[in-house]
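For the record, the sequence lines run as chains A, B, C and D. Residue 196 in the working numbering is what sits at position 196 of the first sequence, and the numbering runs on without skipping anything. Heads up: take any position in the second sequence, counting from 1, add 1000, and you land on the working numbering. Heads up: take any position in the third sequence, counting from 1, add 2000, and you land on the working numbering. Heads up: take any position in the fourth sequence, counting from 1, add 3000, and you land on the working numbering.
Don't read these hints as lab results, they were simulated from the structure. Possibly wrong hints are sitting among the right ones.
Said to hold, decoys possible - 25 angstroms max Cα-Cα, derived DSS-like pairs, lysine-lysine:
no., chain 1, residue 1, chain 2, residue 2
1, B, LYS1064, A, LYS155
2, B, LYS1064, B, LYS1110
3, A, LYS189, B, LYS1155
4 protein chains.
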Amino acid sequence: MSLRAQKQARKKAEILQSALTVLAEKGYHGTTMEDIASHLLMTKGALYYYFKDKQELVYESQIKLLNKSIENVQSISELNCFASEKLVTIIRLHIEYLIQNKSGFELMAKPNEIFSETQLQEIFRLRESYADHYDDLLYEGIEDGSFTIAKDEIKIARNLVLGAMNWITQWHSSDGEKTLTEFVETITKYVLRIVGTEGNLTKQT
Amino acid sequence: MSLRAQKQARKKAEILQSALTVLAEKGYHGTTMEDIASHLLMTKGALYYYFKDKQELVYESQIKLLNKSIENVQSISELNCFASEKLVTIIRLHIEYLIQNKSGFELMAKPNEIFSETQLQEIFRLRESYADHYDDLLYEGIEDGSFTIAKDEIKIARNLVLGAMNWITQWHSSDGEKTLTEFVETITKYVLRIVGTEGNLTKQT
Amino acid sequence: MSLRAQKQARKKAEILQSALTVLAEKGYHGTTMEDIASHLLMTKGALYYYFKDKQELVYESQIKLLNKSIENVQSISELNCFASEKLVTIIRLHIEYLIQNKSGFELMAKPNEIFSETQLQEIFRLRESYADHYDDLLYEGIEDGSFTIAKDEIKIARNLVLGAMNWITQWHSSDGEKTLTEFVETITKYVLRIVGTEGNLTKQT
Amino acid sequence: MSLRAQKQARKKAEILQSALTVLAEKGYHGTTMEDIASHLLMTKGALYYYFKDKQELVYESQIKLLNKSIENVQSISELNCFASEKLVTIIRLHIEYLIQNKSGFELMAKPNEIFSETQLQEIFRLRESYADHYDDLLYEGIEDGSFTIAKDEIKIARNLVLGAMNWITQWHSSDGEKTLTEFVETITKYVLRIVGTEGNLTKQT
DNA sequence: CATGAATGAGCCTTCATTCAT
DNA sequence: AATGAATGAAGGCTCATTCAT
């Protein structure tokens, strides 16, 4: 990749990152191109040099978010340890990400109204890919006896876990009494209950 | 209340109900006054006879939703039975409502951008009021030994419970293999794990 | 048609008429919605109450123009007289229209860049319908010996006639020495030469 | 002229030629600087090294077109033969040019909206200069009895001739049954009728 | 000389809001 | 009470133009 192309790629990434922040705060319709641009000290017009239109910009920001998340989950699920340990790590990571980035998952709420058919397919594909890693872990954990979930309820359990976590951005405020680490640990503890861990897995830091 | 006023109140309620449906589907910015009006076979202009502006209409629809929810929770929490039993009932109700109404809770997601300071205060007051009922139940359950939650983590546990449930609208599709009742029961079972119920509370239908 | 609908239809017609004028002057891309609106002492937004978008407005203005033209030609071609006499009348009418309305035919120049496939089909259909009346007259005139055109060159002759006339808007200025009637007569005289009339048909006023 | 200046002049000419093509296709407002640049495998910005702005570029392209046309007509009108023969040649040339270049004359249609006063004056001067050659030929032909036009109607006849020809780009499509030469000959035959040639001048190839 | 990048004005379009009837 | 019609303020997007490198 040429120097030029690299620079451009970096700029695009920068824009996407910024877009994620603003979008998480105001949602798709509530976010204007002006909002995204001024957040980066750019002008509206400049955005169109990098992205065809608002839809594409937002779409790519979603894809980036999903890919990053998948990558994270993947690298962890490849570790050589118990499923239950992996799940703990993944959950911690997910929570930390949500808190630091003020999320961006709500945007994914009603994508049907926003994206094209092709874009939707890709988004759904990635979402499933992300979810699959959770499902695999749950399955593994069921097999080795760490989790107590009926096998035909794996998807439901997984969705409840994700829901409990994704909602955090709605109520968490940094002025709490606990430190971030304590907060994450507490959350992890209760979330893990959903999958029916026997022992107290969170003890192992 | 005069007959006229009654009729008007009924119409207002009708509009609010309709607005809730549309808003749940498209969000605040995605919903136009036209959308709300045509859903009721009215014209845009007519809405302004009943509500000062869009903000007020939406605000009142949120208030109505919250009040209704609080009322529900309240009536249940006044029942003469174990906290754990009450919680089960409340959770079932909440889930059923979400599935049937395709929610309306996402709208509450980022209210800061939409409502005035005064309106926000009222919304937050009601939200807390709603949450308080959950907290009370949790507290009660901790006391009588049904739930296993640290007392200073009640709010966290409650938020995780609400999160797990509110997320349902994002992934539930009616074409599942289970019947609605089965589905609700399964959800309830796993959600209750968060509060650390010892026995299997959901057995008692 | 209800009174309301009538009023609306009249307004639409008014807008289309105005649009034709402005479009003839500045072309499709050179004409803004603002131009069309202000020409009618309206605001931009009001236009969108009557027409979906610019394309539709312009499309309908073209259709209106074509239909009117076809109607004119048709009514004349149904008269009970020689083809040559009909042609004279049609040409006179066409020229008078062009001069008074400062045309609108140039817009039709490159429609491919502007209209949708369906719209184009209709426009071409009407154009052909219009041209067909000329062709019929030419054919008739050839048969009865008034015109001297090879039968397989009818279309070419017709297009040259139309071209000679349509160009008038480019060079005619009202400050000429001749009266309008004289002007029209002169044009008619020379244009008719293209179809090879033997005698001087324009003598019959 | 220095080597550098020569090179630059050649580049300018190249740009103007390309611009003419694109402009002919899409008109002034429909053509973007990007269009002109990419047609030459250049970037937008580079154009501004050679031309002050879009207006100047387009203006010069028009001037070039007009000058070239005038030159053509002039060289022919200086030939030592009958006016009628010259006219035939000029008409053939004009038609051939139109068909090959898909014109560029429509751009001239409404120059008032585009060019500055000074630019307009020059354009009109050149247009008249071009037309004058036609007028001279017509006058000559009238004198020697080849054409049958009233002397005070020369301008009208000339404009009709030009109109009939310029319109060709609107309707000619290359998929006709005739060869290009046949096509040109046919057109010439009918166009010449406008000027009232007695014999069949087109026979002399 | 040329390019990539950025700017800003202007246009199309939407939509909350108003108002005469 | 309700409607049709109109307004005006944004917002998305394009494009002529500029400029540092």
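How the hints compare with the structure:
{"no.": "1", "hint": "LYS1064(B) <-> LYS155(A)", "result": "violated, 33 angstroms"}
{"no.": "2", "hint": "LYS1064(B) <-> LYS1110(B)", "result": "holds, 18 angstroms"}
{"no.": "3", "hint": "LYS189(A) <-> LYS1155(B)", "result": "holds, 14 angstroms"}
Violated hint for the displayed structure: number 1, the only one.
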